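Colleague: Here is how the chains run, residue by residue.
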Amino acid sequence: DTVMTQTPLSSPVTLGQPASISCRSSQSLVHRDGNTYLSWLHQRPGQPPRVLFYMTSERFSGVPDRFSVSGAGTDFTLKISRVEAEDVGVYYCMQLSYLPYTFGQGTNLEIK
Amino acid sequence: EVQLVESGGGLIQPGGSLRLSCAVSGFTVSNNWIMWVRQAPGKGLEWVSVIYSDDSKYYADSVKGRFTISSDKSKNTVSLQMNSLRVEDTALYYCVRGSEYWGQGTLVTVSP
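Each protein sequence line maps, in turn, to chains A and B. Residue 83 in the working numbering is what sits at position 83 of the first sequence, and the numbering runs on without skipping anything. Count along the second sequence from 1, add 1000, and you get the number used in the working numbering.
Honestly, the hints are just simulated from the structure, not real lab data. There may be inaccurate statements among the hints.
Partial selection, computed: residues in chain B whose CB lies under 8 Å from chain A [as the list claims (entries may be wrong)]: (1) Ala1040; (2) Pro1041; (3) Gly1044; (4) Trp1047; (5) Tyr1052; (6) Asp1072; (7) Tyr1094; (8) Gly1103.
Note that the structure is predicted; figures quoted are calculated from it, not measured. Note that the Cβ used here is the ideal one computed from N, Cα and C, for glycine as well.
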């Protein structure tokens, strides 16, 4: 199975400051079709996850510009340029290049 | 508008069966791939099963042989038949299109 490792697992951030989450896969996520099926999800307490980015860098409709992604192969990063109160919650990376699909452990973003 | 609505969850004893249903709108199940993802209380996300548009089906090892995914193109629904349920199957079960669209989830509680 493809293991997804996120760091950090907890990220206390001051409002208005940047935040960064890393996601590393145990094997390259480049699918045989040439695409990289890596998604970033955000889950607020008591709510279902919602996607931020899919296929590595495709921004989902309505996702603010303060969110950005980078990376390829096995190393990926989600960045928030200036954290706002609504950004709290758990962030997950998910790979859909190989079965079984797998998730990172989650990174809990909280406000200091 | 894309929507996925899960139903069928509930309280069941170990060894029992439940059938979850996912009613979709805004797209057709015949042209998309749908998966089930679950989240145990206070835990992270776990992929359970996926059905593709060619009707191929795959399962996580933890549910293989006990769960069966299916689709009904005439009703535009996807179902998850869960047999031989275990306490560790207790979770909120989400129906997901790709990784982009998530339902609100339906809670399955397996308890003596």
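Colleague: Give a verdict on every hint.
Modeller: Status of the hints after comparison with the structure:
1. Ala1040: 13 Å, violated
2. Pro1041: 12 Å, violated
3. Gly1044: The hint holds - Gly1044(B) has a Cβ within 8 Å of chain A, the shortest such distance being about 5 Å.
4. Trp1047: Status holds, d = 4 Å.
5. Tyr1052: 11 Å, violated
6. Asp1072: 23 Å, violated
7. Tyr1094: 6 Å, holds
8. Gly1103: 7 Å, holds
Hint violations for this structure: numbers 1, 2, 5 and 6, all remaining hints satisfied.
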